[in-house]
Structure formats: C-alpha cells, structure tokens
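Visitor: The hints should help you fit chain B onto chain A, whose structure is shown.
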Amino acid sequence: NAGVMQNPRHLVRRRGQEARLRCSPMKGHSHVYWYRQLPEEGLKFMVYLQKENIIDESGMPKERFSAEFPKEGPSILRIQQVVRGDSAAYFCASSPQGQGNTEAFFGQGTRLTVV
Amino acid sequence: DAKTTQPTSMDCAEGRAANLPCNHSTISGNEYVYWYRQIHSQGPQYIIHGLKNNETNEMASLIITEDRKSSTLILPHATLRDTAVYYCIVRANQAGTALIFGKGTTLSVSS
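Protein chains in written order, with the working numbering: chain A, 1 to 115; chain B, 1001 to 1111.
Chain A with its partners taken away, still in its complex shape (with noise of 0.2 Å):
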C-alpha cells in the first residue's frame, strides 16, 4: 500500500505564476489535509476535504489560494499569482476518516521556491 504521494516535490514558479500542487492520498483514504511549513517555521493547518467537499478552511489565506479533491483524482493546492513569501514546503497527510481515533499520514511534501 503506497504512502501519501505528492508531486512535483520541487516546484519554481516566478512571481506572478500560477502553482499546483498535487496530493494522491493513500488508498481506501477520503480526507485529505494541506498544511504550510515556512522555513525554520512550524506546520500550520490550511484546509480539511473530503472528496468534493470542502469541510474545513480556517487556515487558507483569503486570495490566491484554493484546494480540491474530485471524486477522481488527486487533491489540488493551487496558489495563483504566487509571491516570495509563498515559499515553503507544503505537505498533505491523508486519513480513512475524519474523526480523532484515526491517524492521518503524510507526504514527503512539495518544496515550492517563488524566485
């Protein structure tokens, strides 16, 4: 059973660009997390899907960014008009359910650098 695969694990994007990141959780997992590692900086919570449902995006910036999970296919962090501080690692982790008993597992994440 593969792990939570994220891809591309390295992403440049020039400023201005367009960045998508892609999480292809575990099999038999519907819930997908994103979160956000600044350098030297902790994980921070961006947003909770089930597929095709948005359940929780308390920790989205309000412009720019958006997430997806279809039915088919992977989740989408899609950051539009990226800037510097748009630099960091962002990982997904992925769970069977949603609910506190169950351990979520994560990616190796994508390193997104903004030049």
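Some hints could be false.
Derived pair list, reagent style BS3-like, types lysine-lysine, alpha-carbon separation capped at 25 Å [to be verified]:
hint : chain 1 : residue 1 : chain 2 : residue 2
1    : B       : Lys-1003  : A       : Lys-44
2    : B       : Lys-1052  : B       : Lys-1069
3    : B       : Lys-1103  : A       : Lys-44
It should be emphasised that the hints constitute simulated quantities derived from the structure, not laboratory data.
Guide: Leaving out everything else, chain B in the frame of chain A:
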C-alpha cells in the same frame, strides 16, 4: 491554537530512554492525544496516539496521567536517527477535525 505545552528542546544520550513530556490541562473527555515527529523537514511521521490508557507500539510508549492533563512519550532506546521535532497534539473524536501542530520539542540524540 495548539492546546498543548511542550519544552522547546531536550537532549538524550544514544541508547538511553528519551522521555518527552506534554501538558494538555484543558483536554476534553473526547479528545485523543497524538504524537508525531518531523525529521529534518521531511513529512511528519505518526508515532502513537491514545485516549486514556497507556499505549505501546514498535516505536514508542505513551503514558497518559489518570487525570489526562499530561502525557509522556517514551522512546525506550534512543538512536541518532530519533533526532527530530516531536509534536504532541490533542484532537477531538468528532467528524471534521484536523491535526493542529504547535511548536513541538526538538530532541537531540548524541553519541
């Protein structure tokens, strides 16, 4: 905001037990205690979780006090590869709850 308090850093000698404390004095009856670690900017790794009973797996043991206001993660024989940031998290047992990370404890294992 994280509902836990952990020491910023700890040191441990290789081969000795590492005991990482965590305070969660406001924990609710339906909240689980989770431990994750992050090794040098890799993806966080699940270690263990529990509600009120002590738990043990191949990686570690989790000791939760009777009043559930604190817990200790025990790595019985620390190795250099256990050097990481360790996060203690409380998470409600209800639908729609995410893991919220605090600052964690940086554990340094040295030979």
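Visitor: Each hint needs a verdict: does it hold in this structure or not?
Guide: These are the hints, each one checked on the structure:
no. : hint                    : result
1   : B:Lys-1003 x A:Lys-44   : holds, 14 Å
2   : B:Lys-1052 x B:Lys-1069 : holds, 10 Å
3   : B:Lys-1103 x A:Lys-44   : holds, 10 Å
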